[in-house]
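Student: Sequence:
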Amino acid sequence: MIVKDLQRALKDIQSLLDASGSKKPAGEISNVIELLDGKTNQDLDHVLGQIKAEISPIEKSVRELKTAGTDEVAFQAAFQQLKASRLAKNDLAIVAREYTGRALASDSREKLLKSISTHFYVLAYERDSRAMAKAATPW
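Sequential numbering of the sequence shown, starting at 1, is according to this note's numbering.
By construction, these hints were calculated from the structure, which means they are not laboratory data.
Please read all numbers here as calculations on a predicted model, not as lab measurements.
It cannot be assumed that every hint is accurate.
With beta-carbon atoms standing in for the labels, derived distance ranges [to be verified]: (1) Thr67 - Pro138: 17 to 23 Å; (2) Ser30 - Arg130: 32 to 38 Å; (3) Ser56 - Ser106: 18 to 24 Å; (4) Pro138 - Asp5: 55 to 61 Å; (5) Glu34 - Ala135: 43 to 49 Å.
Ideal placement from N, C-alpha and C gives every residue a C-beta, glycine not left out.
Given only the sequences and the hints, what does the whole structure look like? Please build it.
Tutor: Structure below.
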């Protein structure tokens, strides 16, 4: 399969989403179509391999942490992978800033990891607090 075939299918899906009023998903598909522009006659497997190679370890780490949400098992898997990674401290600071909303490049590696872990547990605590408050409110 070549990229042009995928683009054609994605454009059809984008048209359906636009017609149904689903603007955000249609926009995301449009971004994918644009990402593939200029590669229309290339082999799809080859292009997807290139794209996977371009995804940075920073983006991957942030995505995994955010995708975990408040699922502790998923978070721990992502967090342990991040701890074991060989990301430079400055890159780890970027991950921490993207995930927590705050982090300084001057923070130590240990402090950055602690801020990531603390942020997760704050999110989980807030989730549990809302659930308890909802259960305690009879109306």
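Student: Quick check on a hinted range of 43 to 49 Å for glutamate 34 and alanine 135, using CB atoms only.
Tutor: holds (47 Å)
Student: Please check whether proline 138 and aspartate 5 have a Cβ separation lying inside 55 to 61 Å.
Tutor: holds (57 Å)
Student: Looking only at beta-carbon atoms, does the pair serine 56, serine 106 fall within the given range of 18 to 24 Å?
Tutor: Because 22 Å falls inside the window, the suggested range holds.
Student: Does the Cβ pair serine 30, arginine 130 satisfy 32 to 38 Å?
Tutor: holds (35 Å)
Student: Between threonine 67 and proline 138, is the Cβ distance one that fits in 17 to 23 Å?
Tutor: Once the Cβ atoms are compared, 35 Å apart, the range 17 to 23 Å for proline 138 and threonine 67 is violated.
In summary, the structure is inconsistent with hint 1 from the numbered list given earlier, while agreeing with all the others.
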